[in-house]
Amino acid sequence: KAGVTQTPRYLIKTRGQQVTLSCSPISGHRSVSWYQQTPGQGLQFLFEYFSETQRNKGNFPGRFSGRQFSNSRSEMNVSTLELGDSALYLCASKQGALLDTGELFFGEGSRLTVL
Amino acid sequence: GEDVEQSLFLSVREGDSSVINCTYTDSSSTYLYWYKQEPGAGLQLLTYIFSNMDMKQDQRLTVLLNKKDKHLSLRIADTQTGDSAIYFCAERGRDDKIIFGKGTRLHILP
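For the record, the sequence lines run as chains A and B. Those letters in the first sequence? Residues 1 to 115, by our numbering. Those letters in the second sequence? Residues 1001 to 1110, by our numbering.
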């Protein structure tokens, strides 16, 4: 079974630009979550999508947005990039049923550098 | 709101036991997790414990849960160099959101 795939793995942008990151979950998983990982703040929850609907949201500004497609693939977008957005963005999928163990399967991340 | 706290660094001599501690705030957490992140990789689930359990053992790993104090610990017996990684504690709250701590970097001394 293929794991969670994130593209691109690395990218460099300049302040003010926007970026779109993509995530393909494990086949059969309907939930996709996004996290931002930085050395100072650790792993911070951005949002979770389930069956094309945002199910949960973290405390990030509106510049951070996401969506999920009917095949469960997800994208996240960051507009008007700031230096502080430089981070590793991790995508994680799970089956999504409320009674399951909630185990998240992570991709290797997309490392964004904002200059 | 939800918050998960853990110490940032731990150094342990090879062969000794490592104990990583974590505190959480959401008393309605259903599951608590330990994830491991090796350099350049995403996170991988090590083990989890359901909130109605006090202890779970899985080979070299022992998880202890104190619900009253909202305290979770992970003990790794006979720590090896391959255990060097960042360990994240996480809780699953009532809204099904999974919140992580900042991670504990485990360093193994020869």
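Note that these hints are calculated values from the structure, not bench results. All values derive from a computational prediction rather than experimental measurement. Incorrect hints may appear among the rest.
A partial selection of chain B residues facing chain A, derived with a Cβ cut-off under 7 Å [to be verified]:
id	residue
1	Y1031
2	G1042
3	L1043
4	L1046
5	R1094
6	K1097
With a straight-line Cα cutoff of 20 Å, these simulated SDA-like cross-link-like pairs (lysine to any residue) come out [said to hold, decoys possible]:
id	chain 1	residue 1	chain 2	residue 2
7	B	K1097	A	Q54
8	B	K1036	A	Q41
9	B	K1036	A	T38
10	B	K1036	A	E75
11	B	K1068	B	M1053
12	B	K1097	A	I12
13	B	K1097	A	S65
14	B	K1097	A	R30
15	B	K1097	A	T113
16	B	K1097	A	T80
Idealized CB from N, CA, C, for every residue including glycine.
State the violated hints by number, sorted upward, taking the hints as numbered earlier in the document. As far as the earlier hints go, 4, 5, 10, 12, 15, 16 are violated by this structure, in ascending order.
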